[in-house]
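With the hints in hand, could you dock these two chains into one complex?
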Amino acid sequence: MTVEGTAQRKNARGSSKRTTAKKATSAKKASPAKTRNSGGPEAEQNQLVQLLTPEGKRVEHPDYSIDLSADELRGLYRDMVLTRKFDAEATTLQRQGELGLWASLLGQEAAQIGSGRALRDDDYVFPTYREHGVAWCRGVDPTNLLGMFRGVNHGGWDPNSNNFHLYTIVIGSQTLHATGYAMGVQKDGADSAVIAYFGDGASSQGDVAESFTFSAVYNAPVVFFCQNNQWAISEPTEKQTRVPLYQRARGYGFPGVRVDGNDVLACLAVTKAALERARTGQGPMLIEAFTYRMGAHTTSDDPTKYRADEERAAWEAKDPILRLRTYLEAEGLVDEAYLASIDEESEALGKRVRDAVRAMPDPDDMAIFENVYADGHALVDEERAQFAAYQASFADADAVAEGN
Amino acid sequence: MAVFEKITIAKAINESLRASMEADPKVLVMGEDVGKLGGVFRVTDGLQKDFGEERVIDTPLAESGIVGTAIGMALRGYRPVVEIQFDGFVFPAYDQIVTQLAKMHARALGKVKVPVVIRIPYAGGIGAVEHHSESPEALFAHVAGLKIVSPSNSSDAYWMLQQAIAGDDPVIYFEPKRRYHDKSRLDTESIPDPLHKARIARTGSDLTLAAYGPMVKVCQDVANVAAEEGKSLEVVDLRSLSPIDFDTVQSSVQKTGRLVVVHEAPVFFGAGAEIAARITERCFYHLEAPVLRVGGFHSPYPPSRLEDEYLPGLDRVLDAVDRALAY
Numbered sequence: 001m002t003v004e005g006t007a008q009r010k011n012a013r014g015s016s017k018r019t020t021a022k023k024a025t026s027a028k029k030a031s032p033a034k035t036r037n038s039g040g041p042e043a044e045q046n047q048l049v050q051l052l053t054p055e056g057k058r059v060e061h062p063d064y065s066i067d068l069s070a071d072e073l074r075g076l077y078r079d080m081v082l083t084r085k086f087d088a089e090a091t092t093l094q095r096q097g098e099l100g101l102w103a104s105l106l107g108q109e110a111a112q113i114g115s116g117r118a119l120r121d122d123d124y125v126f127p128t129y130r131e132h133g134v135a136w137c138r139g140v141d142p143t144n145l146l147g148m149f150r151g152v153n154h155g156g157w158d159p160n161s162n163n164f165h166l167y168t169i170v171i172g173s174q175t176l177h178a179t180g181y182a183m184g185v186q187k188d189g190a191d192s193a194v195i196a197y198f199g200d201g202a203s204s205q206g207d208v209a210e211s212f213t214f215s216a217v218y219n220a221p222v223v224f225f226c227q228n229n230q231w232a233i234s235e236p237t238e239k240q241t242r243v244p245l246y247q248r249a250r251g252y253g254f255p256g257v258r259v260d261g262n263d264v265l266a267c268l269a270v271t272k273a274a275l276e277r278a279r280t281g282q283g284p285m286l287i288e289a290f291t292y293r294m295g296a297h298t299t300s301d302d303p304t305k306y307r308a309d310e311e312r313a314a315w316e317a318k319d320p321i322l323r324l325r326t327y328l329e330a331e332g333l334v335d336e337a338y339l340a341s342i343d344e345e346s347e348a349l350g351k352r353v354r355d356a357v358r359a360m361p362d363p364d365d366m367a368i369f370e371n372v373y374a375d376g377h378a379l380v381d382e383e384r385a386q387f388a389a390y391q392a393s394f395a396d397a398d399a400v401a402e403g404n
Numbered sequence: 405m406a407v408f409e410k411i412t413i414a415k416a417i418n419e420s421l422r423a424s425m426e427a428d429p430k431v432l433v434m435g436e437d438v439g440k441l442g443g444v445f446r447v448t449d450g451l452q453k454d455f456g457e458e459r460v461i462d463t464p465l466a467e468s469g470i471v472g473t474a475i476g477m478a479l480r481g482y483r484p485v486v487e488i489q490f491d492g493f494v495f496p497a498y499d500q501i502v503t504q505l506a507k508m509h510a511r512a513l514g515k516v517k518v519p520v521v522i523r524i525p526y527a528g529g530i531g532a533v534e535h536h537s538e539s540p541e542a543l544f545a546h547v548a549g550l551k552i553v554s555p556s557n558s559s560d561a562y563w564m565l566q567q568a569i570a571g572d573d574p575v576i577y578f579e580p581k582r583r584y585h586d587k588s589r590l591d592t593e594s595i596p597d598p599l600h601k602a603r604i605a606r607t608g609s610d611l612t613l614a615a616y617g618p619m620v621k622v623c624q625d626v627a628n629v630a631a632e633e634g635k636s637l638e639v640v641d642l643r644s645l646s647p648i649d650f651d652t653v654q655s656s657v658q659k660t661g662r663l664v665v666v667h668e669a670p671v672f673f674g675a676g677a678e679i680a681a682r683i684t685e686r687c688f689y690h691l692e693a694p695v696l697r698v699g700g701f702h703s704p705y706p707p708s709r710l711e712d713e714y715l716p717g718l719d720r721v722l723d724a725v726d727r728a729l730a731y
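Chains G and L, in that order, give the protein sequences.
Under my numbering, residues 1 to 404 are what the first sequence spells out, in order.
Under my numbering, residues 405 to 731 are what the second sequence spells out, in order.
Bound conformation, chain L alone (with noise of 0.2 Å):
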């Protein structure tokens, strides 16, 4: 298969799901829309003309049975790829995820296996109506049993997908949406990091900024511009939600002493709060400054007109990085 030079994120995620689907004929896509219409960003086009119905499953308008049905299908030896259309439609299948998909293999002592990925299009950003730009990444991070993982370019979106229908445990796969579109360099032929390994995008010495997801590029902007200012930021993303890859974030804050970390999920009780905790643990003589955090209010997600102020933007996250630089 040939290296990809620039492409997209939706078409990485789409060119993984090809992939996947040919080496192995137990992986089967399935969700609204996914068929003919190829989803509603597209996603999964081309996918059913070429692989058929039986494999590209069309469902009925319902979340539970979504879930449920592709656990039943994993019992049976398949390797569903399910698609919940936007972030705020997955909580009618919270329930068959979490009492059900998360507990299956240890309440069978480890006798059945569930690999059932379930690709969730996430977080803000679109200017959609509600319930369509939700970040709910900490309630299914708090959720022993899965694996929570968001690619945030091309080349992991299309590696992780693979390694995440490979694996036998269930993973949620946050897909950025305002990404989608986003073209950066696809590599089809080097080998992929670790699925859970963090990566760091960016080198720095003054202060270590983690992400993951679509705030990937909004700590490379921050980066980019705090340079300018003469600091220099490291730029950690994270790629894994469950596990976190504390290792390396502990690594990059020993080396700069400061963290500050970005999502755009409400910072109360999330991602953040758990990095925050344990790099403190970790790394308590290492740190100048008090972890920071920057992310999402303690509000429903606003409509759309006000969503520029509620995600984190360079501006935000600068003034974090100046009140730790400050310390």
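Okay, chain G solo, but in the shape it has when bound (with noise of 0.2 Å):
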């Protein structure tokens, strides 16, 4: 029984739901160019996996319930201010001058948050170079995430020491990286998984394709997490895909989903239900976070030149923050002490970020030749000592002018 079976058969169910769905998917085959992203026909909303409505309420799922206790719930709406707040500052920063660029991942927290913390620390992450809120889930300092931003490094962090591997900038690399190592992973006889992230637009590209064959293949414990954002940059999904992106997976042979992506608690099922199947020998399975990226794709585009306001304004309706907030007020189990306490760490952090980040350091000019070879290199030596001899040359002309 796959997921995305399921999830079918569910709509067929439902009797009102059915006429609707019917009718649109109709409407979308004579007019596939009319399939816009803005919210999709109402049939694609009707097949999003939802637990949390954007009014904040609680739904139930069929496949795909969780049982989550105050603390858990009030510590996913931590992470996600959290993680919103260091954006933000992030942002600041990079209009400030303080970061060459940053990508922001305004508006996907709840996706990023509600797979994040679905991982076991023994999994595997894969991110490309927006997943902010997965490193923080990892543990990763945030801190850590801006060393490549501010041109001190390409990646500062140990992937190793979290089990979170480097960004990836170029688009979709790192799914086939994930799949190798989940090859590898199973080899060991391990059950852990490993889990890619990528999005939309990295689904056009050859490697993701190739890593959706690889991990069929060989049945690879790997959960690959797309986040439609609905824009690559200036281009909307629909220059990516004539199908919804879920479906891609079964030409693959194994399940897709897709979830509502600002739905922090459906995010957390369905990546649970993802990884324990891969854990469990069933093979990969593909995520669809359909969710939608507020800002800028990165801090040198320019949004509004692409979409219209109308757009962002229907996606603020669905913040992934404000409809956790609304539930657990609802519920009585946060109150305006608890609210002004997370706005206070929120407050810590971006200031902790700010004052990191003026204060990291350049690296040294010898870093151009540290790591280019683990095990060395002739030339590298050359170059290195050359280069080292023509630094030198300054500090003693220098000394030789203050000597006279």
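Think of the hints as simulated: they come from the structure by calculation, not from any bench.
Note that CB positions come from ideal geometry on N, CA and C, so glycine has one too.
A couple of the hints might just be wrong.
[Unchecked claim] Listed below are several chain G residues computed to face chain L (Cβ distance under 8 Å; list not exhaustive):
#1 N153
#2 D207
#3 F214
Structure below.
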């Protein structure tokens, strides 16, 4: 029984939804270009796994139930608020010239925190360059994420200390690394799983297709977590695909499911299920988290040039943090004092990030030659020595000048 | 293990893979057709039978996938030895090799290692169709983070591959496919040269010929013919292109005063240009003639009926030798 199959049967069971879905599907067929990305037709909405509505109401799903303690629920809220704060701070730091670039996750907190909190410590994460929330869940210090954007390194953390690989900038490359890593996990006989993050734009890349092929052929324990944030820089999802992304999995022989990416509970539940599936030898699964990137692709583009304000406004109504807060308040799980304490923690994090970035030292000149090779290389040794002598010549000149 | 007398390069590579897999359970062989078939050149013949499908992995026909998943397995602690079926087929994997494999150790500030070895049967002379005879070594040697080697005989084929597999850096191991069935002595007992050390294949005093892979034999033949004409040529087998052992070439050129570099790849922006520039810098006052290069033309690799004209052979190399000696 595939997850996807279950979702389809569920649609068929709900009689009122069925009628609506059918109409929407036929309309889509007649005019595929009208399959707008800004929320999608109702048929697509109905396929979303959702446990918390945009209004903050708790709903059930037959395949993905979740029962969290009050602490766990508050923890998800805290994670999302702090991640958003970190992200906002980084955006500001870019505007102030402290960072060369920033890829904001604004709007994608639920997809990242939900999936990130589904992971076990021994699972391994292969992120793209926007997974700041997942990094948070893995315990990577957020200031470590900023080094590459400030230009002091290409990734300043040890991937093996948090089982969180370096950010990958070439779109989709990491899905193959995740698949190979998962094949290794399988060979080791370990029961951990691997998760590969990528976006809707990356789904067009050959490497993503090849990773689907390899993972299916070898039944590798890898979960593909696609955050469909509707835009690949200025290109909407309809420029990447003519079928809903989660449906692509079927062609490779593994299940795909679309989850409300702004619903942290659903993201958590679905990712947990997919990881469990992988761990128990049932192979890969594709999760499409249907979400929205509220800001720019990176600080270097201008979304007002390619998308309508109304679209963002429509998605703001589905804000992942607001809906959880509404739920927590309605259930009496948080009070003013708690919310104020999170805000305070958030301010402190912002300050820590600002101070850390400004205090981040430029790397030593000789870092150019470090770690190019693990076992050394004669040319690198030669160039290092030449450059060191060249640098030293200035010191000698300075010393002579001072002596005079 | 025995000292093999006269063994083909293909068999030497097979024995090398076998020895590496026996020595380290983390060594894996993967690629298209490497299992049951034993590779299109039978270089991996019998390995899957002896080591199983878990260690000799037949892959989907997707080169980027082969290299990309090998990177992932290396990150997990394995030592994958990947076979790209032919030189011209490496390009779908070029992105993974250049943007990922080459840079990952540096990006992680040395915290991760990606010891992936990529075996590529390369270069021409076997009458193949297009994309089956190319010499893309310069495209890889230009990329920091990769090591590039190419053996020219069975003993080197055997040892250099094991050294490449045992090292912690990514290595592109270019196999001279037209020499696969040439037999030479395999010595499994003497201590081998370091992986990146050039070898004096023949000593001489009038001119140095520098070559690697399939062209070493051509240069040795040239030296034999030249000897009949009373010229004494030294042949340096570079063995490694990244890094290049310039010290050995320099010593030779300081002795002979002349250098001709020979390779199959197009001369333009090729290994010869790098060697000529470096040796000119190092040996300016020893050189009796400019460094000359003999190689392929700035054209796509030609249809096989023309490859004898395209590939450096005895006459083209002898012509360059004569020109260098005429200064």
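Status of the hints after comparison with the structure:
no. : hint : in the structure
1   : N153 : 7 Å, holds
2   : D207 : 6 Å, holds
3   : F214 : 5 Å, holds
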